[in-house]
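A.B. asks: In case you want the letters, here they are:
There are 2 protein chains.
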Amino acid sequence: MRLVLTISLAMAVIPLPWLDEAPPPPATGPVFTGAALVRPEGYHTWPLVGASLGLSYAETPQGSGPGAFHRVYVNPSSYEAYGRTGTFPDGTMFILELYAAHEKTAPAKGGFFEGPRVGLEASVKDTRRFKSGWAYFGFENGARATATAFPEGRCHSCHVDHAARDSVFVQFYPTLRDP
Amino acid sequence: MRLVLTISLAMAVIPLPWLDEAPPPPATGPVFTGAALVRPEGYHTWPLVGASLGLSYAETPQGSGPGAFHRVYVNPSSYEAYGRTGTFPDGTMFILELYAAHEKTAPAKGGFFEGPRVGLEASVKDTRRFKSGWAYFGFENGARATATAFPEGRCHSCHVDHAARDSVFVQFYPTLRDP
Numbered sequence: 001m002r003l004v005l006t007i008s009l010a011m012a013v014i015p016l017p018w019l020d021e022a023p024p025p026p027a028t029g030p031v032f033t034g035a036a037l038v039r040p041e042g043y044h045t046w047p048l049v050g051a052s053l054g055l056s057y058a059e060t061p062q063g064s065g066p067g068a069f070h071r072v073y074v075n076p077s078s079y080e081a082y083g084r085t086g087t088f089p090d091g092t093m094f095i096l097e098l099y100a101a102h103e104k105t106a107p108a109k110g111g112f113f114e115g116p117r118v119g120l121e122a123s124v125k126d127t128r129r130f131k132s133g134w135a136y137f138g139f140e141n142g143a144r145a146t147a148t149a150f151p152e153g154r155c156h157s158c159h160v161d162h163a164a165r166d167s168v169f170v171q172f173y174p175t176l177r178d179p
Numbered sequence: 180m181r182l183v184l185t186i187s188l189a190m191a192v193i194p195l196p197w198l199d200e201a202p203p204p205p206a207t208g209p210v211f212t213g214a215a216l217v218r219p220e221g222y223h224t225w226p227l228v229g230a231s232l233g234l235s236y237a238e239t240p241q242g243s244g245p246g247a248f249h250r251v252y253v254n255p256s257s258y259e260a261y262g263r264t265g266t267f268p269d270g271t272m273f274i275l276e277l278y279a280a281h282e283k284t285a286p287a288k289g290g291f292f293e294g295p296r297v298g299l300e301a302s303v304k305d306t307r308r309f310k311s312g313w314a315y316f317g318f319e320n321g322a323r324a325t326a327t328a329f330p331e332g333r334c335h336s337c338h339v340d341h342a343a344r345d346s347v348f349v350q351f352y353p354t355l356r357d358p
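Protein chains in written order, with this note's numbering: chain A, 1 to 179; chain B, 180 to 358.
Chain A on its own, in the form it takes in the complex:
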């Protein structure tokens, strides 16, 4: 009886917000099944670190258009950790979304906005799992439910050589670059 009273009192005076909450939200970091990264969900509520248009590694222009918009997001806990420590912890995941660039629609008289999404990729830092610390994954614009890492040479060597901080192109990302 005393236990019941005690618990009743506790529930009466202490807010218990988690009792009213919806089902748990999607994971806010990388989820692996074996060696494959599960396609991330819910990252539209993650912090955007940078947007760009037409960034290309190609020496020769690809077509005459402006190229694609890139959006790069980072998982919230790693964003917070980077702001506090200046380093990316294991479990950091960046999402790269590509959107077709569509040109001026009324009332705009010029410029480009994001048309349909045309790509979905991710990078993950895990110094225990990956020899170089980072791995890179492509989800064929969301068509793949899981993805295994690209070969080491395809992405990482360029990131290591040119990225401003820990293989991350912080120099292109105002939200990390200009805190």
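Don't take every hint at face value.
No farther apart than 30 angstroms at their CA atoms in a straight line, the calculated lysine-lysine pairs in the DSSO-like style are these [as the list claims (entries may be wrong)]: (1) A:K109 to B:K288; (2) A:K104 to B:K288; (3) B:K283 to A:K104; (4) A:K131 to B:K288; (5) A:K131 to B:K310; (6) B:K310 to A:K109.
Which chain A residues face chain B? A few, computed with CB under 8 angstroms, are given here [unchecked claim]: (7) L48; (8) S52; (9) L53; (10) L55; (11) R117.
What the simulated footprint calls covered on chain A by chain B, stretch by stretch (three residues with Cβ under 8 angstroms from a Cβ of chain B suffice, anywhere in the stretch; the number is not a length) [what the hints assert, rightly or not]: (12) 39-47; (13) 101-108; (14) 150-162; (15) 169-179.
To be clear, the hints were calculated from the coordinates, so they are not data collected in a lab.
In this text the structure is predicted, and so the values were computed from the model without any measurement.
For every residue, glycine included, the Cβ atom is placed at its ideal position computed from N, Cα and C.
Once you've looked at the hints, dock chain B against the given chain A.
C.D. replies: This is chain B only, laid out in the frame that chain A set:
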């Protein structure tokens, strides 16, 4: 004595995560002081709804450059409400950030990324406070701590005429347009 024991027991068996938390985060919606909107903080963790480059209302091009990047964010609770109901509740706040467009830096061979921020504006829906339902505010790239609304004709008439949904340019924002 019984009260002390009861509270001790309650604290022993029920997790109280908020006791360990940092100070409360910035407001995730509009804060007014009188008629002035307080400059928003912490919106880099809000959902981005769209990015664009060089969208301009001007009939004649402004200079020969690509124009500025725009980032548009919405406050988290209104993002959730819009996804659930298809309408923007009172208290909805959009943030517009403008960034100078900087051109290709190694390893990129072409394209534009975000240079320094050059503008900070906001729109707020409050059908009790504003005759037209929405008002628009400029913070001089963050130099102003508060801002009063732009005159009704400066922004709203164009939004009403051209925006796809409730004076919001949903047609330019994939995160709201293509759920």
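A.B. asks: Evaluate each hint against the coordinates.
C.D. replies: Now the hints, each set against the structure:
| no. | hint | in the structure |
| --- | --- | --- |
| 1 | A:K109 to B:K288 | 28 angstroms, holds |
| 2 | A:K104 to B:K288 | 25 angstroms, holds |
| 3 | B:K283 to A:K104 | 23 angstroms, holds |
| 4 | A:K131 to B:K288 | 28 angstroms, holds |
| 5 | A:K131 to B:K310 | 60 angstroms, violated |
| 6 | B:K310 to A:K109 | 28 angstroms, holds |
| 7 | L48 | 4 angstroms, holds |
| 8 | S52 | 4 angstroms, holds |
| 9 | L53 | 5 angstroms, holds |
| 10 | L55 | 4 angstroms, holds |
| 11 | R117 | 6 angstroms, holds |
| 12 | 39-47 | holds (count 3) |
| 13 | 101-108 | holds (count 6) |
| 14 | 150-162 | holds (count 3) |
| 15 | 169-179 | holds (count 6) |
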